[in-house]
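J.: Quick note on full-length UniProt numbering: the sequence shown kicks off at 1 and runs consecutively.
Check before you lean on any hint, since a few could be wrong.
Below, computed lysine to aspartate or glutamate pairings styled on EDC-like, alpha-carbon distance capped at 16 Å [unchecked claim]:
no. : residue 1 : residue 2
1   : K17       : D32
2   : K142      : E168
3   : K70       : D88
4   : K17       : D3
5   : K81       : E215
6   : K132      : D121
7   : K17       : E227
8   : K132      : D116
9   : K132      : E168
10  : K142      : E166
11  : K142      : D116
12  : K142      : D120
13  : K70       : D121
14  : K81       : D188
15  : K132      : E153
16  : K59       : D32
17  : K70       : D97
18  : K142      : E153
19  : K17       : E215
20  : K81       : E66
21  : K132      : D147
Calculated from the structure, these hints are not laboratory results.
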Amino acid sequence: MIDSRQLDAFNDDYLSKLGSPVSPRYLAGPGDPRHITHALYAAGWTVHSDPLHPVIRMKSPDREHELVFKPSPHHFHGWWKVHSTLGDNWYASFSGDAPVEIIAGLTDALVRPTPDSASDDLASILAEQGWKHTADGDGGHKIVSPDRTTVAERRVSPSMGLCGWEVEVARNWGPYGPEGFLWRVALDSRAPGHVLNAMATALCDPAPVLRPRFEIDESPHLHVGREVGIGTRIVTAHRNRLAQASGYRPAPPTITTPTGPISPAAAPARRR
Numbered sequence: 001m002i003d004s005r006q007l008d009a010f011n012d013d014y015l016s017k018l019g020s021p022v023s024p025r026y027l028a029g030p031g032d033p034r035h036i037t038h039a040l041y042a043a044g045w046t047v048h049s050d051p052l053h054p055v056i057r058m059k060s061p062d063r064e065h066e067l068v069f070k071p072s073p074h075h076f077h078g079w080w081k082v083h084s085t086l087g088d089n090w091y092a093s094f095s096g097d098a099p100v101e102i103i104a105g106l107t108d109a110l111v112r113p114t115p116d117s118a119s120d121d122l123a124s125i126l127a128e129q130g131w132k133h134t135a136d137g138d139g140g141h142k143i144v145s146p147d148r149t150t151v152a153e154r155r156v157s158p159s160m161g162l163c164g165w166e167v168e169v170a171r172n173w174g175p176y177g178p179e180g181f182l183w184r185v186a187l188d189s190r191a192p193g194h195v196l197n198a199m200a201t202a203l204c205d206p207a208p209v210l211r212p213r214f215e216i217d218e219s220p221h222l223h224v225g226r227e228v229g230i231g232t233r234i235v236t237a238h239r240n241r242l243a244q245a246s247g248y249r250p251a252p253p254t255i256t257t258p259t260g261p262i263s264p265a266a267a268p269a270r271r272r
C-alpha cells in the first residue's frame, strides 16, 4: 500500500497550488504520473525497478501485465508502455504528453475484474460523443473529434491485414490541417476489447480535469475555467482514488496449518 511518507509528499506538492479545470481532457497536458502508479500500487501491483532510477517498472499481482514508465528527452517517444506477458502478448504505448487520466482509463481496466466477453466498441463509443466516424470498404476506420484536433484511426495493411488503433492529438486545427503535435497512443491489434473500450471512454469523457498554473497547454481549443485553489480537491480525489483501487487488491493467500495428532513419521525422535 501507499505509505504515509508518499502521501505526505503528494500533499506537499499540491496543497498550496492554484490551477483551473480544463477540457477536453485530451488537450489537458500530461498531469501527474502518480495518478497511475499510486493507483496500481494500491491495487496490488509490485515495483520491479530501482527506486533511485527514473524508470518505473510494475507488474500485476498475477504477473500477466507489466507497465513501464521511461521518461525521454523526446516527448513524442513512448514514455508509457503497457503489455501482457501471457496469452496474446498485446501492448499499448503512450507518448510523454499523454494525459494521465486517459492512460489510467486503460490501466484501471487491468485492475478491475475482466468481463466474460467484450467486443471492440471504440468507434461507437467515440461516435456517441459526437466524433465523426468514417469507414472504408476494407475494414479501416477514421474517427475525428468535434474540434478536429484528435484523430483515431485503424488502417488495413496489404501485408499485415487489420492493424491496431492509433490516436494522434494536435494542439490546433489550422487552414492546412493539424498543427502542433501533442501526443499519440498506439494500441496493438490484439488488445482486449474491454481495454480498448475503457481507454476510449476516458478519451472522450467531457468532464474537466484539474491542472496547476503553468502546466496548462495553450491550445485555442482548450477551455480553461476560473483559476482557484485546487490543492485540496486534487489531494482528496487522489486519496479517494487510492481507496477505490485498494478494493481490487487481491487477498493474501490463506496459510493452512495441519490439525490433529502428529503422525509417527513426523514426530521427533525420543531421546534416550
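J.: Is the straight-line distance between the alpha-carbon of K132 and that of D121 16 Å or less?
T.: Distance ~15 Å between K132 and D121 Cα, so the pair holds.
J.: When you check the alpha-carbon spacing of K132 and E153, does it fall within 16 Å?
T.: holds (12 Å)
J.: K81 and D188 were given as a pair; does the straight-line alpha-carbon distance stay at or below 16 Å?
T.: holds (11 Å)
J.: Taken at face value, is the distance from the CA of D121 to the CA of K70 at most 16 Å?
T.: violated (30 Å)
J.: Take the C-alpha atoms of K142 and D116, compute the straight-line distance between them, and say whether it is at most 16 Å.
T.: Distance ~28 Å between K142 and D116 Cα, so the pair is violated.
J.: Does the alpha-carbon distance linking K81 and E66 stay inside the 16 Å limit?
T.: holds (8 Å)
J.: For K142 and E166, compute the direct alpha-carbon distance and say whether it is at most 16 Å.
T.: holds (10 Å)
J.: Are the Cα positions of K70 and D88 separated by 16 Å at most?
T.: violated (23 Å)
J.: Take a quick look at whether K132 and D147 sit within 16 Å of each other, Cα to Cα.
T.: holds (10 Å)
J.: For K132 and D116, compute the direct alpha-carbon distance and say whether it is at most 16 Å.
T.: Answer violated: K132 to D116 is near 30 Å, above 16 Å.
J.: Keeping to a limit of 16 Å between CA atoms, is the pair of K81 and E215 held or broken?
T.: This hinted pair is violated, its Cα atoms lying about 23 Å apart.
J.: Is the hinted pair K17 and D3 satisfied, with a Cα-Cα distance of at most 16 Å?
T.: Cα-Cα ~23 Å, so violated.
Checked against the numbered hints above, the structure breaks hints 3, 4, 5, 8, 11, 13, 16 and satisfies the rest.
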